[in-house]
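J.: Chains A and B, in that order, give the protein sequences. Read in order, the letters of the first sequence are residues 1 to 81 in my numbering. Read in order, the letters of the second sequence are residues 82 to 261 in my numbering.
Since the hints were derived computationally from the structure, they do not count as laboratory data. Careful: at least some of the hints might be erroneous.
Stretches of chain B that chain A covers, calculated by requiring three or more beta carbons in the stretch to come under 8 angstroms of a beta carbon on chain A [to be verified]:
no. : stretch
1   : 91-101
2   : 246-252
To be clear about the criterion: a stretch of chain A counts as covered by chain B if any three or more of its residues have a C-beta under 8 angstroms from a C-beta of chain B, and this derived list gives those stretches [unchecked claim]:
no. : stretch
3   : 21-27
4   : 37-43
5   : 54-67
6   : 71-78
Each residue gets a CB set at the ideal place from its N, CA and C atoms; glycine is no exception.
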Amino acid sequence: MNDMVCESGIHLLMDYLDDALPADVRASLDAHVAGCARCAAFVQSYRATPRIFRAATMSALPEDLRESLHTFLRAQRERGR
Amino acid sequence: MGAFEELVTRYEGRVYRLACRLTSDTDAPDILQDTFVQVYRNLSLFRGECSFGTWLYRIATNTALMLRRSRARRPAESLDTFLPRFDTHGVHADTPEAFQCAARADEVLDQQLLADKARDAVDRLPDLYREAFVLRDLEDMSTSEVAEVLGVAPATVRQRVHRARLLLRGYLGHLVEVKR
Numbered sequence: 001m002n003d004m005v006c007e008s009g010i011h012l013l014m015d016y017l018d019d020a021l022p023a024d025v026r027a028s029l030d031a032h033v034a035g036c037a038r039c040a041a042f043v044q045s046y047r048a049t050p051r052i053f054r055a056a057t058m059s060a061l062p063e064d065l066r067e068s069l070h071t072f073l074r075a076q077r078e079r080g081r
Numbered sequence: 082m083g084a085f086e087e088l089v090t091r092y093e094g095r096v097y098r099l100a101c102r103l104t105s106d107t108d109a110p111d112i113l114q115d116t117f118v119q120v121y122r123n124l125s126l127f128r129g130e131c132s133f134g135t136w137l138y139r140i141a142t143n144t145a146l147m148l149r150r151s152r153a154r155r156p157a158e159s160l161d162t163f164l165p166r167f168d169t170h171g172v173h174a175d176t177p178e179a180f181q182c183a184a185r186a187d188e189v190l191d192q193q194l195l196a197d198k199a200r201d202a203v204d205r206l207p208d209l210y211r212e213a214f215v216l217r218d219l220e221d222m223s224t225s226e227v228a229e230v231l232g233v234a235p236a237t238v239r240q241r242v243h244r245a246r247l248l249l250r251g252y253l254g255h256l257v258e259v260k261r
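For reference, chain B alone in the conformation it holds in the complex (with noise of 0.2 angstroms):
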């Protein structure tokens, strides 16, 4: 097996699930194919500044990106609604047992219909969330190897990935109200 193959074989099941989670599981497949065409024409310009993970994901994170602005999607249906409220004191204003829905997701909801409500809301997070949460929370990549990935500041990372973790949580929490 020669190297480029060897490479390929090391990295190609994280490509396709980090596609899968920046797209879908229909554009994936491109995505896929169109990083690897890329890594081996630019093997020669890795320079090793950076990991040669951080080098691929880059280029994964912003073909997944480039596919999703080609594509004429509807606007997501805004997730903000299922952040959390606070009253005029700034005390939460739900209950410790609505909160607790959210934690027990997995266990109270049908597994199909978790991962296919999961990839929706993931799909439904602005591009800047959904990519530092994927990359981050997802992938379980460091906040710095986000950085890198994104090109942006390592508290940049960190605010995105609150933020769409604030949308996500609330998300749950009303799968889980839905379900009752």
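Here chain A stands alone, though its shape is the one from the complex (with noise of 0.2 angstroms):
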């Protein structure tokens, strides 16, 4: 019998999509996902999540900064010898 409801199933989401569970859980949450198509959204969301955001937040070193940082660093070796 499968006691798996959409509540207890998100606890599992990362494990889940890291292959991570116990092939009985993993199995029991399978068969939820399949019948159930606000988990199989939910699974789905969950994972574009991080996809997403590392797009979204990336970040090139800026030349100008790049110059900078490494004459400041140069400076401090000098300083130091």
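Dock the two chains into a complex; use the hints.
T.: Next up, the structure:
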């Protein structure tokens, strides 16, 4: 018998997606998600969240900052000699 | 080029990106500089008990955290309202369509708006969740590497990352709902 409900499944999601659940628990959650449109959509959005945030918060080191960092560190090292 | 300069060149981009994600574009230059000053001063103490990257990330993360704590910030507005809701039987209270909104946030929202809101949302996470989420999910480190950087058990990292994902997932859905 599968006692899994949406709320109990939520707590297992990270281990579920990392394939870190015991086989019987995974099978139980698989069965629930397969029959629950809400959970299927929730898993999709949970999985997408890190990807969306990774892309949205990407930033490159500005060239002028890179140059000033190297200049500063060179001066620090020369002072320390 | 000296060995230290090569090391800076190799890691400067990653440290800057990490600093932006843990604090802000404004604070990131200070964190970048302080991190490499500390690395230079403590390089002789690095014993190779963890990878160099893990050691460096630990210094950068602690530097960012100390800077955040030194700032007299207003308490961030909690994201708790974006956690999933359930009825009395433990069934999702929201519809599949509402959940699908979050998964499509990067398709339907203006990219600049999404970038601004994403940074704001990460900033609003509690410190413990932010560090774990940024290192694990945004910097793509393994759970055991993050555990080493933060000095906590892997299970604790997983719990914090999971909590952050739930909050941020709900926030994405909210952004798309608001746009409609």
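J.: If any of the earlier hints don't hold here, list their numbers in rising order.
T.: 3
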